[in-house]
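Build out the structure end to end from the sequences listed, making use of the hints.
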Amino acid sequence: MKSTRYALAGLGVFLGLLLVVTGGTDRALAHKEKHTPEQLKAFEDVFMEQVKIGDLLFHGDGATEKRLNVTLSKTGMACAMCHPFGSDNHPYEFPKFQEQMNKFATLRDMINWCIEKPNEGVKIDPDSDAMKALETYIYWSNKGSKLDPGRH
Amino acid sequence: MDDHDRLECLREESRAAWWKKIGSSAEMAGLRHEMDKELKQPGEHPDPSLGITRRTFLHKSLLTAGVAAGAATYGWFPLINTLDLAYGAEAFRFAWVSDSHLYPKTVNTRFVDKVTRAFKDVQAMSPPADFLIYGGDLAQLGDPVELDLGADLLKEVKIRKVFIPGEHDWYLDMGAKWTKLFGPSNWTFDHKGVRFVGLDTVSRGPDYWTAKKMTPKERMGHMATLDGSVAGAWAGVGRDQLEWLNRTLAPWPRNKPVVIFTHNPLYEYYPPWNFWVRDWREVHEVVKPFTNVTNVHGHTHQVLYNEVGKMRSIGMLATSWTWPYAPEGVPALTKCKVRVDPGDPFDGVGWSRLTVTAAERVENEYVMWRKDIIAEAPWDSGCADNINQVLSPRIADREWPYYGAYK
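Chains as they are written, first to last, in this note's numbering: chain W, -5 to 146; chain B, 4 to 410.
Do not rely on the hints blindly, as some may be mistaken.
Derived lysine-lysine pairs resembling DSS-like cross-links, with alpha carbons at most 25 Å apart [what the hints assert, rightly or not]:
#1 K140/W / K338/B
#2 K60/W / K108/B
#3 K183/B / K164/B
#4 K195/B / K161/B
#5 K35/W / K137/W
#6 K126/W / K97/W
#7 K60/W / K126/W
#8 K108/B / K68/W
#9 K117/W / K108/B
#10 K195/B / K164/B
#11 K374/B / K338/B
#12 K313/B / K259/B
#13 K126/W / K68/W
#14 K195/B / K291/B
#15 K126/W / K140/W
#16 K68/W / K220/B
#17 K220/B / K60/W
#18 K111/W / K374/B
#19 K60/W / K111/W
#20 K90/W / K140/W
#21 K108/B / K164/B
#22 K123/B / K374/B
#23 K117/W / K97/W
#24 K108/B / K111/W
Everything labelled a hint here was simulated from the structure, so no lab data went into it.
Have a look at this one:
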């Protein structure tokens, strides 16, 4: 009886240590529970919020630029003025060799090139919230397009 | 209800809310292909005498003129835009410049430089053009500073000048400054056997601002957003102007040439970007008795040619920036402009030289400041490079207070 109690106590300690090592209950269960519709909708809402922020940046909304502390253009031009509905962005072709940069480039590289060259704005951190939002809007506006990386 | 059904319900609620917001666009989608059905009746086409030259060739005299002017301008006659005007009585040339979208010089001088180059080209034409038509969107945000700047730059051109407005010129002060500088927004005159008509397709947009208590700048900002939804289907001719057009054309012989200048195309190419006029049916009803009608228009910033009913339409280049072809339209695109270099502000833009020859032909020559205008290989084409592209309308400006307009 005494040995059983020791065994259970040992198991408890082991499980406790396992939780500490793996980062806690939430993380352990995050992708093991069935997703609820409310969760999925919440994921979509997070995504669409980024689409809207990216849309605003893409269309030159000064308040959003100020909030995110970025200067995407100094010429009065906004991305959408050459890319209405996100057209001619071809996000589905990246990564690829990009002539203008004379290098193998990602979509984020291209976004920064457009900010810096045609728009004469200030390049943004490739991992910044503004970049993620712009990237999100560009992908969303081209959803359904055929993935064709490397295509000129 | 299982989880899948519940998720679908949630999604359906979102979709219903979305479609409620974009009802007007859904209506547009339903209209989009009606034009083809209505105007392409059996036997309905432009007069056969308006034969298109199915060749592209370098015109040596224009190349010489380019060299004489000290500019690296090559004159090309793309196959899509050469036509006959069977009753042109005397040879003459005229020029079209439009869509300069000037900002005040304190914002940028890029657009100033480009339209100045076009005006210098026009002034250097030899023999000179009989007149210049400026086809709208001189300004970007209707700012009096922008319009005054444009008027000042236009002084470079000494020949006769006529003007029609663009939406960017109009919606800050509802055309007050533009009209003061350039006069009435529609007009007509006869010149060497051709009846020319200038129509105003921009000033009769439905009121989207009063109920929302927009400032003039907010109104202008939404109007200036090509892919915005707030200004809606603003392009139109209007009942009063249709009646005026009918009266203007009534005494003109049915088989003599009519050239109608407009900012927007007089057919339905792509309503979401106002690449149309909403009353195109009525316009075509008015011109239907005439066999020789050409519409020359701006707004689309691209190489474009179309035939609808008995009318030919030719889209002009902008001097400011080029626009991609719309993701769908009427009819399917065939010959497209080249892909241009976004790093070169002078690429993909330009103006047009239109010539009525002694042989009674009118030839439209796009003056794009590059050698090739029409793409031959698909990888160089401005439409073939979009074969994998599927687009969605923007979303952020569909929610009050309508964020996302240019400011």
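Hints, verified against the model:
no.: 1; hint: K140/W / K338/B; verdict: holds (23 Å)
no.: 2; hint: K60/W / K108/B; verdict: holds (23 Å)
no.: 3; hint: K183/B / K164/B; verdict: holds (15 Å)
no.: 4; hint: K195/B / K161/B; verdict: holds (20 Å)
no.: 5; hint: K35/W / K137/W; verdict: holds (18 Å)
no.: 6; hint: K126/W / K97/W; verdict: holds (22 Å)
no.: 7; hint: K60/W / K126/W; verdict: holds (16 Å)
no.: 8; hint: K108/B / K68/W; verdict: holds (12 Å)
no.: 9; hint: K117/W / K108/B; verdict: holds (23 Å)
no.: 10; hint: K195/B / K164/B; verdict: holds (16 Å)
no.: 11; hint: K374/B / K338/B; verdict: holds (16 Å)
no.: 12; hint: K313/B / K259/B; verdict: holds (13 Å)
no.: 13; hint: K126/W / K68/W; verdict: holds (21 Å)
no.: 14; hint: K195/B / K291/B; verdict: holds (23 Å)
no.: 15; hint: K126/W / K140/W; verdict: holds (21 Å)
no.: 16; hint: K68/W / K220/B; verdict: holds (19 Å)
no.: 17; hint: K220/B / K60/W; verdict: holds (19 Å)
no.: 18; hint: K111/W / K374/B; verdict: holds (23 Å)
no.: 19; hint: K60/W / K111/W; verdict: holds (20 Å)
no.: 20; hint: K90/W / K140/W; verdict: holds (15 Å)
no.: 21; hint: K108/B / K164/B; verdict: holds (24 Å)
no.: 22; hint: K123/B / K374/B; verdict: holds (19 Å)
no.: 23; hint: K117/W / K97/W; verdict: holds (17 Å)
no.: 24; hint: K108/B / K111/W; verdict: holds (19 Å)
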